[in-house]
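Student: This is what each chain is made of:
Number of protein chains: 2
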Amino acid sequence: MDFTGNLIVISGPSGTGKGTICKKLLDEHKTLTYSISATTRQPRTGETHGINYWFTDKIEFERMIEQEELLEWAEVYGNYYGTPLARVQEVLKNGQDVILEIDPQGAMNVKKKFPQGVFIYIIPPSMTELEKRIRGRGTDSDESIARRLKAACDEIRMGVYYNYVVVNDEITVAANKIAAIVEAEKCNVLRNTDLLRQICEDKGE
Amino acid sequence: MDFTGNLIVISGPSGTGKGTICKKLLDEHKTLTYSISATTRQPRTGETHGINYWFTDKIEFERMIEQEELLEWAEVYGNYYGTPLARVQEVLKNGQDVILEIDPQGAMNVKKKFPQGVFIYIIPPSMTELEKRIRGRGTDSDESIARRLKAACDEIRMGVYYNYVVVNDEITVAANKIAAIVEAEKCNVLRNTDLLRQICEDKGE
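Chains as they are written, first to last, in UniProt numbering: chain A, 1 to 205; chain B, 1 to 205.
Looking at chain A on its own, in the form it has when it is part of the complex:
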């Protein structure tokens, strides 16, 4: 497994800003490759096939499920969403890191299939701050906000199943922390056992 890229899975409760952090990270680190999801939902205005999503139909998606061509998948409001495995594997083999931004349930499904991935959990600095952000959107009723906060609280506890926890106090700081994790993981001893062996074989020539 040496000399290949790492699969970096970024997740967190909804409202913690993981999408914004990923965008910042990808903008500033051009060597990182974003994993594009496949979906059966219709493209929205401005969305491009192969950039925002791989748009496909139900028959093709179900064939991919059947053939185990997806790293993970889910059905949301009657539409399928999933991560094509072949593309991820291809990028990793080229030695590049892949960023996969995904909800907590999806992240745990990826962990089952790909435990050697690097699992990063983004959390809000406090529940008070998370409430402020959700209220700030102005799209949720009080009841909905209470429900979302309760769900986020349960989700935050799931952070223990990840390798890293990043507090989203400030977007740039959080993105830099993820960049540091990406760098550090290249040096993780578990990813360098072949290297340790090979250097010793090159004894003085």
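Source of the hints: derived by calculation from the structure; they are not laboratory data. Hints may be right or wrong, so weigh each one.
What the hints assert, rightly or not - One side only, chain A facing chain B, incomplete, derived with CB under 7 Å:
#, residue
1, 162
2, 165
3, 166
4, 187
5, 189
6, 192
7, 199
8, 200
To be verified - Taking lysine-lysine and the DSS-like style, the derived pairs with C-alpha atoms no more than 30 Å apart in a straight line are:
#, chain 1, residue 1, chain 2, residue 2
9, A, 186, B, 23
10, A, 113, A, 93
11, B, 24, A, 24
12, B, 30, A, 30
13, A, 30, B, 24
14, A, 186, B, 111
Built from N, CA and C at the ideal position, the CB exists for glycine as well.
Add chain B to chain A, keeping to what the hints say.
Tutor: Just chain B, lined up with the frame of chain A:
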């Protein structure tokens, strides 16, 4: 153990440049604290008590060994060298990271007493390169060089007992990798379990 600093142990075979890397790292990251060793050897010209070493005598050093006041210690050519534990603990409690640069045998002794430390192993890019560096010093005979290369080769294999392996291809790059590891380790989930719990207790106030 949350909200405390990390003990960063930097080691590697002799000739890999760990001293130079540490100096670079400490020069550029002022929040890191260097762990100063205690020794019974005489100060050399230009060495200052409390900066290069804590200079002490044999009776005092043996008292420290006796009282278990040292994180690790060794006797080299009749002189004692060791790491005072109290100072390390004090800095860590203040939430600052401590850098301990030490030979591989010392690093493994630290690991026994302080397994929660972050253990980083610096290796040369190749044995050929290491030979070139040792020859470049012009202080070793061919026989001595061959012996040192053999020893380094055995030591490199010990890298598997560390958390991270950093190849010293270029000083600045290697120092930046260590800086990334230091940042990443602050986000290590094992060091943030209290945080995950506490945020949930702060449910919307």
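Student: Which of the numbered hints above does this structure break?
Tutor: Checked against the structure, no hint fails, so every one of them is satisfied.
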